[in-house]
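Start from chain V and add chain Z according to the hints.
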Amino acid sequence: MVLILSEHQDASTVEVLKWLNHFGITWIRINEDDEVRFDCLEFAGNQLAGLVITINGKPLNLVEVKSYWYRRGWLHYGAQYISGKISNHSLVNENMHQYLQEELDNVMEFVHRYLQSEKQCINSYLSAKNNKTYYHYVASKAGFDLPDTLIATQKKDLERFSDESGRGSLITKSINEMFSFTHDGKCYRNLTNEVRQSDIQEGNKVFYPTLFQTYVEKFFELRVFYILGEIYSMAIFSQLNAKTQFDFRNYDHEYSNRNVPFILPASIAQKVKVFMAEIDLNCGSLDMIVTADGRFVFLEVNPVGQFGMVSNPCNYYLEKRIAEILSQ
Amino acid sequence: MSDKIVFRLFSSCLLTAGSTRALICDPQRGNYYTIPLSLYSIIAEQKKASIEETLAICEDQEEAEILKSYFNFLLEHELIFLCREDLADNFTPIKYEFDVPAIIANAIVQIGKKAEYLVDTLAQLKLLGCQAFELVVMTDCPLSFLSHILELCKGQELDEVNLYIPFNPETDYEALIEEYCFLSSVTICNAPTNEEIFLNGDSCTLRFSTKDLRDHRHCGIIAEKYFIPDLVHHSESLQHNTCLNRKIAIDVNGNIKNCPSLNESFGNIKDITLEEAICQPHFKKYWNINKDQIEVCKDCEFRHVCTDCRAYLEDPSNVYSKPLKCGYDPYTCTWEDWSKNPLKENIIIQYGIHSIE
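Residue numbers (my numbering), protein chains in the order written: chain V, -3 to 324; chain Z, 5 to 361.
Quick caveat, the hints were computed from the structure, so don't treat them as lab data.
Among the clues, some could well be false.
To be verified - Derived contacts from chain Z toward chain V, CB cut-off under 7 Å, selection only:
(1) F14
(2) S15
(3) S16
(4) R88
(5) N94
(6) T96
(7) I98
(8) K99
(9) G133
Note that CB positions come from ideal geometry on N, CA and C, so glycine has one too.
Next up, chain V with everything else stripped away, as it sits in the complex (with noise of 0.2 Å):
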């Protein structure tokens, strides 16, 4: 049996438990809006028996899933137990809940870490947090070339970074995740912008930890689908209409961004693969750039990336290869 915990919103998943069907294969998806209970664990004659979950109210025994698929979202179990009053003292209560919480946390982290050691796996929880910074520095370590990169608090070190010579203009993105809400039919959200030298004079002394980067010109944009040792590149050309020259999420829908398949070189690819095994993820997306000059440029990589949009227009049928995997 295939278990995968996925986001109820999820179009991929659906696309992969089609082909498990067609495959005959048995599975149990878990989404982040279903409640999931701890029931029982345990451990006889020196290894585990039973380790026994429960979802909606149903059981489930992880002992009897076979391959594990984290796509994205979390298990939903915080509400179980602690819900009542223990004392009629607040900070008893407070530190009562807080210690009957990290009880709860630390079996349920064991339930990541069983699942993704013990199956055929495909990606983990643990892993799949986006660190960024640090995703950035194993990558400066495993031989790619990177943009230039400043996260500042101060305008002075702003500046020396934007004059440095041949640094050419800079951008501003998010250290973190992207964000974004809607409020009074109006969409907020952070996608990478030109930092103009305008905005530097005039901006704050003193300024929030801001992330900034060289713009790199590009050829094309790369997505790289990475799974289990197997690469799977797009390269998307972006740079034929401004619209999109700087983030091509701003999609251009009247004139849309070429999207066909590429082979990476051999050394980028051993790059790929050595930078995965060194952050522990088995299976993500990164995002590259190809400059007019023939370098390949890491920008970032994404552990729950969308991979429909590489799979559909390359052919790749990602969707039943992963399928296969989880099937084996």
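Using the frame of chain V, we list chain Z on its own:
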């Protein structure tokens, strides 16, 4: 490293050579363009040449000017791009693999007065992985009966349903479509007008037709308006029959067929399961007849954006014959009205199509 700049076709653009001219199909932008065969061979060879080198091979100035205008056209429509020579081979062609997670991918189900086998049929189709359903109500269709059918579909959680029903002046079709959001299209036959309305945020088309499109003899028409410039379609077309591959039909009497227009029955839904019907030796005989094997089509530049029909043929005795209802001649690159072709008159009568036109 070399600094030579070569041209390359975007591999998302799909090339098909006919006997007289060729086609560049651009699915990512939903376009296709006919091009001369001479240009086709220059692009298809992928010779890692620069535009200048290619122009230099031209025999005279006039030829070079023509070729230059072709290159301008290709660059303007972003069908080719310019690339460093050392990266050119990394732009690999698309692999034309085709597969779907289904034993049966699409089904035509004709529905009679009581719709008695409908639930069981739909349940069987779901288990076979079927994704697209064409439901054709062959009898009168009062609102109560229609609601009954749609409730059954809702219960089976079908994704893509195309419904054909006879016109009924008392039915509020728009309200119905709003309620049953799984409907992809609803075609109202024998309606007073011809009209098309897009509903549910364009996810459903409501179509009124003065014709009785439930009559299967209307099917099988090959025309430019039915072309499908699409990568999945192209890939399927290279290996399979784009009409009949993984298709099943259950007619109004419960007979299991490849298509309502084909006579051969593989049994009745009252007696056998769909799976048993599919396992019969001849059930899949049309599935792998592709356009490269079909007479005339194999010489046509449109063959991989085109649809097919194996039920109405120019030569009914030849399973590889050109579809009867195609008026295109790939040798002269002209379209004519197939139904007025004197050479087809006898066949049209033989199939009984003349009485519906």
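Among all the numbered hints in the text so far, which are the ones the structure does not match?
none
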